[in-house]
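Construct the complete structure from the given sequences, taking the supplied hints into account.
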Amino acid sequence: MTSHEKNDNLTLDAGEYVLGTAGPEERDAFEQRLEKDSEARREVAYWEHRLGSLGLGLAPVQPPSAVWGRVSKALSLNSDDTAAPAAARAQAPAANSSRFWRGAAIAASLVALVLGGMLLSQPTYHHGFGEPNPPHAYTSIVYDDPTGTGWLVTAWAGDDEMQVVATGDYQVPEGKVLRAWLKPADGEPMPLGAWPHNKGGYAIALSESTVQRMAPPAKLMVSLEDVGATEQAPSAPAGELLWSAPILSRPS
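So the sequence shown is residues 1 to 252, counted in our numbering.
For the record, the hints were derived by calculation from the structure and aren't laboratory data. Hints are not guaranteed to be accurate.
Said to hold, decoys possible - Here are the simulated BS3-like cross-link-like pairs (lysine-lysine), alpha carbons at most 25 Å apart as the crow flies:
#, residue 1, residue 2
1, 176, 219
2, 176, 199
3, 199, 219
4, 183, 219
What the hints assert, rightly or not - Each pair of labels, with its calculated beta carbon distance range:
#, residue 1, residue 2, range
5, 25, 174, 50 to 58 Å
6, 28, 199, 34 to 42 Å
7, 41, 175, 41 to 49 Å
8, 185, 227, 27 to 35 Å
All values reported here derive from a predicted model rather than from experimental measurement. Don't be surprised by glycine CBs; every beta carbon is placed ideally from N, CA and C.
In structure tokens, the structure reads:
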């Protein structure tokens, strides 16, 4: 495994940890790594910043009670834990530093998800290419650090479209257009079509071959192209690659 591949894996692990999509064993293993690995802590901080920045760019919403039910279930919380007095929590041993990292990651992700009101809600499933009840959904976050513009992406495994929510307007030069691409774990980029640059919600159609290759460690890429350029060379980005974001898998 190359150093680039190792970095990609760490980025994915940290993203899944912060979003809360890692399984119990993977989560425990990553918490142990956080105690010793400064690079892993930097990746967690990166995801916290990315999610937090997205959340701050959106108007607060009041999530439905069902959402909080799913959050509590996902985090395995119970009334005894939430009712624990502050004094008792303050006396927790220093050896439980991994709980701090878990709590910090969860807090950051929940702030962003609740403010955005998007990733906590289920994407619409159209029964495109998959089973009636798909086992999981895909999630990705594209973020432009200089402008603070972000895009929240969700798609059901096996569906025929993905939903994109742009949190702000991104200025595209005249004569240019944003194009989205799927970069599977192996193989060349696959064109997904135009990428939105105005604030709002959008749906991007997916081909069956694209859906079959969305599983992690696939990436979502966005390039800046000349208008009409992708019609001449649709198999790969011809212009500047602006953003690349990992695709994460979360349970339905």
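Hint by hint, here is what the structure shows:
1. 176 x 219: The given pair, whose Cα atoms are some 23 Å apart, holds under the 25 Å limit.
2. 176 x 199: Judged against 25 Å, a Cα distance of about 18 Å means the pair holds.
3. 199 x 219: holds (22 Å)
4. 183 x 219: Within the cut-off at roughly 5 Å; holds.
5. 25 x 174: 50 to 58 Å: At 51 Å between Cβs, range holds.
6. 28 x 199: 34 to 42 Å: holds (39 Å)
7. 41 x 175: 41 to 49 Å: holds (43 Å)
8. 185 x 227: 27 to 35 Å: holds (31 Å)
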